[in-house]
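Novice: Please take these sequences and the hints and turn them into a complete structure.
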Amino acid sequence: MAEFSTFCRHASKFTGVSSVALALTVNAPARAEDQGVLKIGVIAEAQAVAGSSIPSAAQLAADEINAKGGIDGRKIEIVSYDNHSSSAESVRAFQRAVNEDHVNAVIASYVSEVVLALEPWAGRLKTVMITPGAASDVITQNIAKDYEHNKYTFHGYLTSGALSGLVCDAAKDMLVDGLKMKTAVIMSEDAAWTTPLDAGYMQCLPKIGLQVLDHIRFSPDTTDFTPIFNNIESKKPDVIITGVSHVGVQPTVQWKSQEVPIPMFGIASQATNSTFWKDTNGATEGVLYQGVSGPGVAVTEKTLPFVDSFQKKFGNFPSYAGYTAYDDVYIIADAFHRAGSADSDKLVTAMEATDYIGTIGRVQFLPKDDPHVHGLKTGKGLITGLFLQWQNGAQVNLWPAELAKGKIAFPSFIKVKASLN
Amino acid sequence: MLLRILRSPAIWIALIVVIIAATLPLYVSGYVLGLLTIAYYFGVFSMAWDLLFGFANEVNFGPTFLIGLGAYTAGILDNLYQPPIWVCVLAGTSAAVVGGVILALPALRLRGPYFGLTTLVAVLMLQNFVVVAAGLTGGEIGLTVPDVLSIDDKVNYWIALGFMAISGAALYGLSRSPVGLILQASGQDPVQAAALGFNVTKHKLAAFIVSAFFSGLAGALMVFYLGAASVGTFIDVTVGVQVIIGAVIGGRRTILGAAIGAIFLIAMGETLRPLGDLATFIVSAMALVVVLLFPSGFVGMIARRREAT
Amino acid sequence: MLLWQILIDGFAISSLYALGATGFTLIFGVSGVLNLSHGSLMVAAAVAAWALGASFGGSYVGAIFGALVALLLSVVTYFLVVRPLQQTKRIREEEKEIFILTATLLWGIMIQEAIAYLFTNNAKTVLPIVGGVVTIAGVRTPANEIFTAAICWLAIGALWLLVNRTQVGKTVLAASMNPRGVTLLGVELSIVYIAVWAIYGILAGIAGVLLGMFLGVSSYSAGPLTASAFSIVVLGGLGSVSGSLIAAYVVGYLETLTAYLASPAYRTIPALLLLVVVMYIRPRGLLGRR
Amino acid sequence: MSAAPARLEANGLIKRYGGLVAVKDISFKVAAGEILGLIGPNGSGKSTVMKSIIGVERPDGGSVRVDGTDVAGWPSHKIARLGVGMVFQHSRPLHRQTVLENIILALLPDRLLRLLPDPAIEERARAIAARVGLSAVLHRRPATLPFADLRRIEVAKALARDPRVVLVDEPFAGLTARETAAFVRLIAELRDDGRAILLVDHNVKSVAALADRVFAMYVGERIAEGSVEEVMRDETVRRVYLGGGIETAARPEAGFRDASVPFLQADRVNVFYGKAQALEDVSIHVHEGEFVSIVGLNGAGKTTLFNAISGLLPYDGEIRRQGQSLRGRTPAAIARGGLVQSPEGRELFTDMTVRENLDMGGQRLVKAARAERLEWLFDLFPILKERQSQAAGTLSGGEQQMLAIARALMMKPDLLILDEPTLGLAPVILAQISKALERLRQTTSLTVILGEQNVTFALPHADRVYVLEHGRIVWEGEPSRFAAEAGAAYL
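Residue numbers (the numbering used here), protein chains in the order written: chain A, 222 to 642; chain B, 22 to 330; chain C, 237 to 526; chain D, -2 to 488.
It should be emphasised that the hints constitute simulated quantities derived from the structure, not laboratory data.
The reader is advised that the hints may include incorrect statements.
Cross-link-like lysine to aspartate or glutamate pairs, in silico, EDC-like; alpha carbons within 20 Å at most [to be verified]:
#1 K296(A) to D284(A)
#2 K21(D) to D67(D)
#3 K406(C) to D348(D)
#4 K499(A) to E522(A)
#5 K626(A) to E506(A)
#6 K366(A) to D591(A)
#7 K406(C) to E353(D)
#8 K366(A) to D168(B)
#9 K523(A) to D591(A)
#10 K366(A) to E573(A)
#11 K636(A) to D398(A)
#12 K202(D) to E227(D)
#13 K347(A) to D173(B)
#14 K406(C) to D356(D)
#15 K409(D) to E424(C)
#16 K272(D) to E329(C)
#17 K223(B) to D107(D)
#18 K347(A) to D168(B)
#19 K406(C) to E344(D)
Specialist: Here it is, written out as structure tokens:
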């Protein structure tokens, strides 16, 4: 029953447009210039915590731009579609967005599965698509494989590979240098995006001086993590390097209830949600996770103003995909401006030249010859990400040092050998 | 008897409906077309299921086992070697048929809830296989296929409509044909059917194969409409449930009713979309009401009224 | 060491399965109904416990409330969904089975969707009644895990006493063997059925709440929960309580073994394979009566 | 006749169900153009023989030859194609098809590729329909037809493959006299086509009109064979059906206090199963403390009558207890009211101990009363005391029957209905139950209705006897007059 075909809640609003469609053929869809409006389609998971911020953030950006008179005098219109986290429904939404609503570009989903299903359609329907949250490297690899066909897809969020790099950077400073840790076990869910992530971990952790004792992948529908934690514990590592997104509450709660004496450190998408504390009954105390943003952390001068106005408008904090979705609208708008046209191919060229300071750092896309073409460039001066920890009910940023808001601290059951200097 | 079929209004009504449906793209939005395209494929799923339940009297809880086999075989083949689409579809269909036979041969020995149960387990197995063999099937991610039937939603719509119409005609004709009679007799009372000289198992197995054929074919085609296959779309038990409910509320033992039921379910789910998460709730509630108050389903009610006279 | 871990963890999860399946099989034994809204009942109980526990803090209050919610729902299920179908004359007897299955399934989906709508479909974990850990045979085990196993067995024990030591229970048992016989002895079957559904509701409720404390639930869990109860009951033999208990432990330990020795990712597969084999070799299950 | 070559020949047929041997070495022949009546009371094994012939059951020994081919153990559809047709007692036509289609169905070849209807078949179907007298209703749906026509459809289907052997199960059950006559004619015609016909029924009388020979069975064995007259005269048969010289001890009806308003009265009760009429204007009355036996063969309607009284069946007419109508009360309520049935097939709780079964009966008694009642019952059936803690399912048939009666008595009934207590029991057990009944009769004011096909058992305990046949009361009177007045009707 979950599989009813989908479409955004404002279906009725667009039926008027549809009549216009009839005359026009699909392969060269009519863009919306004539109406003097730039349309951006947003396909996201409305009821999932991470996905729900995407349309709102995009809308916020559009409003701001329109308030300033739009791009070259053209207003931006956001058309959003709920995909119920299903690839099939996303494909239908994408087809409708392009063939029916004639959007000029699409911002799509935080789920790698969905984006991968849409990527070929972006090529087939020659429409620029950017994902604000998916992490799988395969997305960019596909572009590298068949650039001419897939060049319309852009990766607006860090690829898993990049993420693993950022986690390692933070681990170096916080764990190896800070806590003198020597060994680690990788624990990640068995999903598209973690394959390159784990590969990245395996490669960079030893480099920074963390010996990888074991590498555990578990099915995302796992409910009982006891065996996994016991297994890890028997290896006696100093830290658990995580890669979880679909799951989150259950491993965290069982980590606490079993009092696993080893800290968790790494990617834990659900931990970035402000509701995570309540969902886990506070079990998340002491969990360390990578993020591109955090409450009260001014990554760039745009970060905090965005969070404020987002919270004013929608009454809650944006998820990580919210930040990127917000930036993506600006990036697309900027590309429109430079391309001076909404023609997809011109738009791609303009997008590739992007150099934009957003809420999570400075955005530049990797060039055509790179194996991760259209992925984000990372590193000092570009995007570094943050590292935060849940401390009695609040998300506290600990890394990088210049943005730190507190000191690392663990619940009593965690045994950290080295003294917390 | 052939005459009777031609005389039965059902056929003519169906024919007119199909003709009208074929003209929809001229004045309906692509979004509605996309919705109906999916609905039509589900219509075929439900009709194939009804042949088994309504006529062979075997409750198959695993329609998605057959559908999934068809869909994934076709998708994987296309992914690996990119043969012409029709080859993939053919392969998918045959896979479904073979799988159906392998499932049915032993399962047909079982009575009562056990047949249904085995079919259910088959689905769970397939689901696990897809997840475990992620390298081949794309696992949780789902599978993206390079080729699609068409990128024009009108064309896709007409393909689906045509396919449903043909399948419907075939299944309906079959159900009304002499073999259909035998099948119905075998389903209703195997002992008597055998005493009339009919090899009950043979006919039930045949029914299973036909059902598998159409399920697999529909599944394979749907993959090439979506350009993607995922457990949630083709294999998950909830999908099977939707197929079954469609057939039941449409009116079991009517074939055509099954299609109507399935289309109704999807259309409803869509019209209620503005209610967000409540949509599914309300659709289930409606279906439940139908099951409780009008057990013979939409078409069943009409048919009954006709029979009474 | 590993052996002990497997033994202990397997025991907790198996006990939970056992409790979940017992009620399920009881219903089938007495009224021949396979209630496919089973998982939804369990989830409803857990979420109710979570919601109340969160707002009033009291884990006990929450837990009890959860069990009551399940009890209520189960009785509603009987009157709203099952009974009308059992009594209608418009469906041929041999077809009622599929109708009841479909109807309970739909009903389950309704409950599940209602939960998702009211409480989102994020995973929820009920605040454990007992926290902390204890070390058994060198295995550090959450006290809650032991608590879970204990409660499960208390509940099952209570059920056993009820069935074998009380008049109500005896009547229920008799009804499961021969409903006609019971009627002829002046017992109103409808009352027996209500009693059974009530008992079932409480069992499912307790199981749900414990699951919420032990592993956590989300509205997505409903389907898998029904499926696992279903397979366990089939494995044990439809309608045989003792069968389900054994099957629960077979499945529980099989899963735990797989998780420890092979990989957590393959957890459920061997159990399924076993189920298929049993279905073909011995369709009526390990201790099936019919 | 035995000179004629056998169309159908059963030789040394044996069928076991677990320990119990249902058919013991049965052999008979049916020649072309001959009708053999296979008769026997319930549990005699005649149905098993029939099932073994059409392949529903697999015989454990012996052979079944159709024109010389041994078909024992073949799947039924093969046997059918070899030329064995079966007229089932309970007709289950396809309800959504017309009569014609139902007949066509039977004519279809067993092929998967029969997609187009064949006009020739439709012609034959019409011909067969005409022959069995269905021409008028060809295009009606079965649901709209009278019972007799449904039976006709069954005959038509059996004829479809032009069988050499036709088996007919209870040919006349549920038919009115006129309909019966028509069927006699129909079946006679089938014989005259040179088919071998086997009629299976309960007693000689029901097949007398047709059968050239009768083969009588009792508890799995052949007890007699020969012409209708021979079998009717046969001593064993008479003992089985009528019992030998029975001494009766009836108390005159006038002697009962409530002669004015009977304790229980059934007034023109009618019951239908679908279209088949199971009870037709049945009126009986029972006085307080009276023992009434209702004798009738299996299928005559005894159980139906009792279930109507116990409120388990919908019925027309009135059933009154001490003048008050029982209509609308639930079966349980009626039982609680003291109108208790010890049903055919006993309906015991097989996985429970004897004691638990009894307690289920006595659950509404206070502890003391229950104990005292148990005491009395154990005195009545001592064996049960020994078996107290044994599972009911493991008891012997006789012990189970005693338990069933005892369990009913635990309810302290005013009126006890005993349905077929002797079914399949050994004589020695009968004696014990007999004694118990006699004691109840002497020492208690209990009223009893005893339903029996075993007259030997039914008469001695009866103050009055009703004979039930095809759902009608055909005779009422003192047991002493039974053999003389009703015996013939009963054989």
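Novice: Hint by hint, which ones does this structure get wrong, listed from lowest number up?
Specialist: 4 and 9
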